[in-house]
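For chain A, the structure is supplied; the task is to place chain B on it using the hints.
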Amino acid sequence: MMADFTRNEMMTIVAARALKNDDVCFVGIGAPSAACNLARLTHAPQITLIYESGTIGTRPNVLPLSIGDGELCETALTTVSVPEMFRYWLQGGRITVGFLGGAQIDKFANINTTVVGDYAKPKVRLPGGGGAPEIATNCGEIFITMAMGKRAFLDKLPFITSMGHGPTGAERRAMGVKSKGPTRLITDMCVFEPDAETKEMTIVSIHPGVTREEIAENCGWTPRFAGACSETPAPTAQELEVLRDIQARTKAAHAA
Amino acid sequence: MAKFMGLAEAIAQNVRDGDAVAMEGFTHLIPFAAGHEIIRQGRKHLTLIRMTPDLIYDQMIGMGCADKLVFSWGGNPGVGSTHRLRDAVENGWPNALALEEHSHAAMANAYEAGAANLPFAVLRGYLGVDLPKVNPKIKSVTCPYTGEVLATVPAHRPDVGIIHAQRADREGNVLIEGITGCQKEVVLASKRTIVTVEEIVDKLNPPSFNSVVLPHWTVGAISHVVGGAHPSYAQGYYKRDNSFYIAWDKISRDRDTFLAWMKDNVLDKTPESFAAHAKKGSV
Chain A
125 MMADFTRNEM MTIVAARALK NDDVCFVGIG APSAACNLAR LTHAPQITLI
175 YESGTIGTRP NVLPLSIGDG ELCETALTTV SVPEMFRYWL QGGRITVGFL
225 GGAQIDKFAN INTTVVGDYA KPKVRLPGGG GAPEIATNCG EIFITMAMGK
275 RAFLDKLPFI TSMGHGPTGA ERRAMGVKSK GPTRLITDMC VFEPDAETKE
325 MTIVSIHPGV TREEIAENCG WTPRFAGACS ETPAPTAQEL EVLRDIQART
375 KAAHAA
Chain B
48 MAKFMGLAEA IAQNVRDGDA VAMEGFTHLI PFAAGHEIIR QGRKHLTLIR
98 MTPDLIYDQM IGMGCADKLV FSWGGNPGVG STHRLRDAVE NGWPNALALE
148 EHSHAAMANA YEAGAANLPF AVLRGYLGVD LPKVNPKIKS VTCPYTGEVL
198 ATVPAHRPDV GIIHAQRADR EGNVLIEGIT GCQKEVVLAS KRTIVTVEEI
248 VDKLNPPSFN SVVLPHWTVG AISHVVGGAH PSYAQGYYKR DNSFYIAWDK
298 ISRDRDTFLA WMKDNVLDKT PESFAAHAKK GSV
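Listed in order, the protein sequences are those of chains A and B. According to my numbering, the stretch in the first sequence is residues 125 to 380, in order. According to my numbering, the stretch in the second sequence is residues 48 to 330, in order.
So here's chain A without its partners, still in its complex pose:
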């Protein structure tokens, strides 16, 4: 029997499945952090998780609220300074996967987390890029996890905070960037992967219970479905149990 699960749980679980035991993963806060730790607690116990605060090989027992909670340092193999983190480890090419979230995304997986509206006179000032601009180009590949919605999945972004495949899908290659860029976009409704030619993010699997119409209604461009589009396998009982456990521990810890 299929267990009951929320779309948010489905998104986190599918994102976790994308990671491998031998990955060295640069973890963004929020949804990526939940996914990366779920991977570590299920199928990828040897994965190396790195947070930009300098913690390498961290194994937190609860999800951190910030990227620099003490829990990350206490459970890390080693902790380096922030300049060293960005220079030797990220720019040095040691990271296989960068895992990002974002406020807004376009069809070529460029991300905006800077402003809505004009930069000088913004309607909404968002936090900004943080580590993302360099994570996006210096990691071997990029996974992105974001819930779908018309205000998040836009045909054209007001600002590019971190590059996916570029405004028309060609710029990343044209600039000679050697890393792969976004290879997977995991949402609460489906999974996108870039088309081999155009680099447009294309739907390769749809989560159980979601329709194509629903996806289209929550996307600011007309989404493309791959010919071999399949149904995403539902969460297993074990995946759900481990995820709910760590989220319950986290909630209790942050309220204390």
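Honestly, the hints are just simulated from the structure, not real lab data. All C-beta atoms, glycine included, are put in the ideal place defined by N, C-alpha and C. One thing to keep in mind: the hints can contain errors.
[Said to hold, decoys possible] Calculated cross-link-like contacts (lysine-lysine; reagent style DSBU-like; alpha-carbon spacing at most 35 Å):
id	chain 1	residue 1	chain 2	residue 2
1	B	Lys-316	B	Lys-50
2	B	Lys-316	A	Lys-375
3	A	Lys-247	B	Lys-297
4	B	Lys-186	A	Lys-302
[Claimed, not checked] Under 8 Å between C-beta atoms, here's a sample of chain B residues computed to sit facing chain A:
id	residue
5	His-75
6	Asn-156
7	Asp-301
8	Ala-325
Frame of chain A; chain B shown alone:
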């Protein structure tokens, strides 16, 4: 040379209206007590430099201390917006705030270049993004050996660098451990420095030979402020007060609620008030 003094005296002697001030601590060891003292002393027109403005700059911006912010990520980590920063940028309250925005990598490199006495930092960054269009300080240089075009940013050379550390010995040598951020770089890059510490000890007793130690002749004022990083944390002393970071969202959303909180918890308090937080959040 390190000189021990009270925090009020350290701020009065070192932070002047119009200064460029960098207060660092990457989530860990954020010098909140020093920020509150700057607010109490009514400093104005500061250029505030910090990778993650966090709640401390949200408070200082909301109280009208700053004309400009140099930063790379301005939110409440894991919670949402820094509402006072947003209000300043979106509505000019309490005054307009100029932004010089970078990425984390560029900020970290700029501190390192400052510490290394170089005029600028070089990095493989800002590729395919819009920040260079809105920040004219982001430029590029062509590598003379390979021809690769690399991004550059000017070195950070703050007038004042302020950090919080676990402890100092009686000579004024300062020890930092845990997530060390770019505190060493900030101290070495700044013209004047203030270090607040949890504890002053006879012997530093570093648990490892590789702890970050700033020799006494690299630091300026040292002030003993127990709990001085709260609601950030001091590894080995007290934990990050995550519930306060969550509560700040509501406190800071509304101007009047914010001002009332600042009066009760900052303007009417002293550096000694922080000690209570250290006890409450003990490890």
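Evaluated hints:
Of the supplied pair hints, the one linking B/Lys-316 and B/Lys-50 holds, its CA atoms being roughly 24 Å apart against a limit of 35 Å. As the CA atoms of B/Lys-316 and A/Lys-375 are separated by approximately 31 Å, the hinted pair is consistent with the 35 Å bound. Taking the CA atoms of A/Lys-247 and B/Lys-297, the gap is near 21 Å; set against the 35 Å cutoff, the hint holds. The hinted pair formed by B/Lys-186 and A/Lys-302 meets the criterion: a straight-line CA distance of about 22 Å does not exceed 35 Å.
Because the smallest distance between the Cβ of B/His-75 and any Cβ of chain A comes to about 5 Å, under 8 Å, the interface hint for this residue holds. Residue-level restraint check for B/Asn-156 holds (minimum Cβ-Cβ distance to chain A is 7 Å; threshold 8 Å). Look at B/Asp-301: its Cβ only gets to about 17 Å from chain A, farther than 8 Å, so that hint breaks. With a cut of 8 Å, the hint placing B/Ala-325 at the interface with chain A is violated, because the nearest CB-to-CB distance is about 14 Å.
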